[in-house]
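Number of protein chains: 2
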Amino acid sequence: MLVGVLDGTETLWESREASTGQSEDELVELLVREVSEAREARPDATAVGLGIPATMDHDRGIAVSAVNLPLEDLPIRDLISERVGLPVFVDNDANVAALAEYLFGAATGKPNVVMLTIGTGIGGGLILGGEVYRGATGAGAELGHTVIQADGPPCQGNCPNHGCVEALASGTALGREGLAAAESSPDSALGKLLAAGEKIDGKAVTVAAIDGDETAVGVFGLIGSRLGVACSSFANIFQPDAIVVGGGVIAAGDLLLDPVRREVRERALNPMNKTPILEATLGNDAGMIGAAAMARTELEKVGS
Amino acid sequence: MLVGVLDGTETLWESREASTGQSEDELVELLVREVSEAREARPDATAVGLGIPATMDHDRGIAVSAVNLPLEDLPIRDLISERVGLPVFVDNDANVAALAEYLFGAATGKPNVVMLTIGTGIGGGLILGGEVYRGATGAGAELGHTVIQADGPPCQGNCPNHGCVEALASGTALGREGLAAAESSPDSALGKLLAAGEKIDGKAVTVAAIDGDETAVGVFGLIGSRLGVACSSFANIFQPDAIVVGGGVIAAGDLLLDPVRREVRERALNPMNKTPILEATLGNDAGMIGAAAMARTELEKVGS
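Chains A and B, in that order, are what the protein sequence lines are. Numbering-wise, the first sequence is residues 17 to 320 according to our numbering. Numbering-wise, the second sequence is residues 17 to 320 according to our numbering.
Treat the hints with caution; some may be incorrect.
Since the list gives no way to pick out one identical chain from another, each pair is judged satisfied if it fits inside one copy or across any two copies.
Derived pair list, reagent style SDA-like, types lysine to any residue, alpha-carbon separation capped at 25 Å [said to hold, decoys possible]: (1) 290 x 89; (2) 126 x 152; (3) 208 x 223; (4) 290 x 91; (5) 290 x 80; (6) 219 x 136; (7) 208 x 97; (8) 126 x 227; (9) 215 x 294; (10) 290 x 97; (11) 290 x 82; (12) 290 x 84; (13) 126 x 48; (14) 126 x 317; (15) 290 x 152; (16) 317 x 125; (17) 219 x 35; (18) 126 x 145; (19) 126 x 146; (20) 219 x 238; (21) 126 x 203; (22) 219 x 48; (23) 317 x 145; (24) 126 x 147.
Treat the hints as calculated values from the structure; they're not laboratory data.
Please model the entire structure based on the sequences and the hints provided.
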């Protein structure tokens, strides 16, 4: 968990990291403690924004469900607000990361943005007409669960689907395909790592690819082209001003994005085949910055 | 081409059909003539709305390209406006059909609507937050060119993609799969039609399915489940209040939509797996009604 104090820009007045708890109660206690402590840096803070990796009901302030956190139908907005005495606004972590990249990052000045955050899974955020698009109750923009191969492998987490782009092009898939490539190419750097007993995961493939191992670069070609299939659909659906890719896997930069760009150029309709595919620039801070920006936007709406 | 005169509702004061011409000049002449004649029914008409099956640049009023009409980079808004002496507003035909279903049809009162119009191809329209979403320059919402099978068959028309839902679940695909089913099931009603020398196209499959031929019903099961794969992606992406399906193929009603619903229920995330899948109610008039409604909305924006 990242905690920060921000003014109206991306300027951080204070930031720290904390580990999330094991239960709903622990998580709420931790949030209350961290927000209260962070507030000491700027006692004049006027609102709290939370970006949570969960299916959120934005309007009612409820965390509906989550794969990696102990959350289920938790009225987190009101719980935290009562305890800290400030207005609290909540949103999905990928939505606020998209907002941050739109306001301060790779997509500044571009009102229609599709953002993918690729880590263990693939999170999605949408800025349409300069505003976060959340769907009917705030559970939308699950872009990672766009099918690219109807008869593909089962998806992960709580997704019952098959052949989602998350199943085929997430960091998890990168590690899986990297392991398969290491096994079939024992002379490659990746293969030697495996023979030496090292764990072949997304991070190992990324490091090997950046170091120039052709087998690892080839794995990024495979993952990038799958991601590019999804991005060609997003380009046709949204005609966005940009598609922004962030998350841990983006450490590989153009090794990942060039295959994406090639696929979009070859598959999408004219003029959507020219959609810029950009690397996110705010890194891990995107969620924290975007949560604050979201709270500020919502506070202004309430006030107006 | 359908031509109508409407007030602020779906009430038609006059309507007629006309055939589109063979060249840009003929098309423009025809539009000027039809609009001028239609105007005699209500000389107090204040604006003209055109819904055109083409990639449109909404803001600049240009028809960029079209598969079935002689249009290329035609500044159709200004050409018609100069000739008829009224403000003209233009949009893609699927966008205005979606607007009509949202204002007066199947999706009344639902602010987030995904609409698919299934005929020879699959057109798409999006109502997000109660407004038509068009993308950066108005070329967006090409929902038919969402990939459902990355290694699927080549798409049709000017689409360079493979495995689009249009390639696999359009009226054209329905006819193609119907022909294959007729060949492999000579004892079915569809097979007997083929043996009698009848043409097996989407319409023939629809008629046979409605008449209860199990082979034809099975073809709708196949097409509907493919459409359902795309709709599960749209449900996850948009969390819409409804997905509305229109176009010629919807004559089959629940024979098409029940397999779509099953697929969305089984594939989409909770709560998007409960997205209502609705039959369009305005039929062929949706485009005409929506074009008028779009012109009215745009005129109000200009005036405000």
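Right, here's what the structure says about each hint:
1. 290 x 89: between (41 Å within a copy, 17 Å between copies)
2. 126 x 152: both (24 Å within a copy, 9 Å between copies)
3. 208 x 223: within (14 Å within a copy, 62 Å between copies)
4. 290 x 91: Classified as between: cross-chain Cα gap 22 Å, same-chain 42 Å, threshold 25 Å.
5. 290 x 80: The answer is between: 15 Å across copies meets 25 Å, while 37 Å in one copy does not.
6. 219 x 136: within (11 Å within a copy, 46 Å between copies)
7. 208 x 97: neither (53 Å within a copy, 70 Å between copies)
8. 126 x 227: neither (34 Å within a copy, 52 Å between copies)
9. 215 x 294: For residue 215 and residue 294, neither the intra-copy (30 Å) nor the inter-copy (49 Å) Cα distance is at most 25 Å.
10. 290 x 97: For residue 290 and residue 97, neither the intra-copy (45 Å) nor the inter-copy (31 Å) Cα distance is at most 25 Å.
11. 290 x 82: Only across copies: residue 290 and residue 82 sit 18 Å apart there, 35 Å inside one copy, limit 25 Å.
12. 290 x 84: between (36 Å within a copy, 23 Å between copies)
13. 126 x 48: neither (35 Å within a copy, 37 Å between copies)
14. 126 x 317: both (21 Å within a copy, 22 Å between copies)
15. 290 x 152: So residue 290 and residue 152 pass the 25 Å test across copies only (12 Å; inside, 30 Å).
16. 317 x 125: both (21 Å within a copy, 23 Å between copies)
17. 219 x 35: Cα proximity of residue 219 and residue 35: one copy only (21 Å, versus 60 Å across).
18. 126 x 145: Both: 9 Å inside a chain and 19 Å across chains, each within 25 Å.
19. 126 x 146: Both: 8 Å inside a chain and 22 Å across chains, each within 25 Å.
20. 219 x 238: within (16 Å within a copy, 41 Å between copies)
21. 126 x 203: Result: close neither inside a copy nor across copies, 45 Å intra and 58 Å inter.
22. 219 x 48: Neither: 33 Å inside a chain and 63 Å across chains, both beyond 25 Å.
23. 317 x 145: Both. Shortest intra-copy (16 Å) and inter-copy (16 Å) distances satisfy the 25 Å Cα cut-off.
24. 126 x 147: Answer is both: 11 Å inside a copy and 19 Å across each meet the 25 Å cutoff.
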